[in-house]
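If you read the protein sequences in the order shown, they are chains A and B. Under this note's numbering, the letters of the first sequence match residues 26 to 229, in that order. Under this note's numbering, the letters of the second sequence match residues 26 to 229, in that order.
Hints should not be assumed to be uniformly reliable.
Note: identical chains are not told apart, hence a pair may lie in one copy or across any two.
As the list claims (entries may be wrong) - Derived pair list, reagent style EDC-like, types lysine to aspartate or glutamate, alpha-carbon separation capped at 20 Å:
#, residue 1, residue 2
1, Lys100, Asp171
2, Lys184, Glu99
3, Lys124, Glu107
4, Lys59, Glu206
In short, the hints are calculated from the structure, not lab data. Model, not experiment: these values are computed from the prediction.
Number of protein chains: 2
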Amino acid sequence: MDKKISDKVISRLTLYHCILSDFINENIEFISSKQLAVRLNVDDSQVRKDISLLNNTGKSRVGYIVKELKASIEKTLGFKKEKKAFIIGAGNLGSALAKYDNFTNYGLNILALFDTDKNKIGKIVNGKKILDINNLHEFAQNNNADIAILTVPREFAQKTAEFLVNAGIKYIWNFTPVVLEVPQEVQVWNENLMGNLLQFTYNI
Amino acid sequence: MDKKISDKVISRLTLYHCILSDFINENIEFISSKQLAVRLNVDDSQVRKDISLLNNTGKSRVGYIVKELKASIEKTLGFKKEKKAFIIGAGNLGSALAKYDNFTNYGLNILALFDTDKNKIGKIVNGKKILDINNLHEFAQNNNADIAILTVPREFAQKTAEFLVNAGIKYIWNFTPVVLEVPQEVQVWNENLMGNLLQFTYNI
């Protein structure tokens, strides 16, 4: 359980998890490594190796037991560990993320959105309120939330990051195309869309 | 130039590129590996190793020449290679991506959005028209575009993917939390937000 799992394996495990959820919806009880492998376009030996990192006991002669394999992934990757967060910027991207109910299954609890726009403050997106960014510090402390999902326009990204740091935020999930300058104790996770795009298209 | 560059390196190179763009905006001529390293929270030996993969000649005693290093990254990663694409689903996420002007700098040319909603068809998002999905096949052929950016709700993801495959699409950039089933000749790039989130939070 304490084996360090690499980023690539975590990424594949979450994709297996998506497939397993679909299988449960379709009332399918068993799944083979081959079925998972085909959907991800990898070798089934890779799938078996990934699954061997889990404490999964749900294996039968006809394949993995879908429900048990799903639960093993959830346990190993800490899906049940609640991660409280809020979205900074209630524009299109912020709203899209607020509407992404799938997050909850992975333990991400988005409490609210924050914006500076008086026309947006007070409105509700998918049951989550848009609050005035000036209330962020107090809100974060009262709710013991320390993950900020940053979706502001690029020209405001660095300034907003500094504001978040001063408000005691420890983790920034950065959707802006700006490499933020923050103190070392603050972790930034870059959602590097450009990097992903170029990884994909590099070999086309 | 033909060295295979790993995904992690591509990701870091695009982040260096963001920093270099900021430096150019601020009229700064030189940058050191240390300056890049601090922003990404990596060792400067890593930065130098990454840059050694480029055909970069812009090195002086006071550091890399910002403009030349930027150009080297663009050349190596094929930023100038035009990639024609369109967005499927003109909801919040589709609109956010359509408004993301940064894509153009990386060679991604988003030609249009497609939707089934009659209230959306005909409208314009950031200069790009929302078209009827039934016109997709013809549009893709006429414009020689073969990348589809999939942002539909999860319950429509698989059906839409099949529609795209039948329309001759070769590459699907998948923003839905569904692992799509497509023929082997079609490449799916999963924008696995859940996987990224869990990579980040795994060690918290």
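Mind listing which of the numbered hints don't hold for this structure, in increasing order? 1, 2
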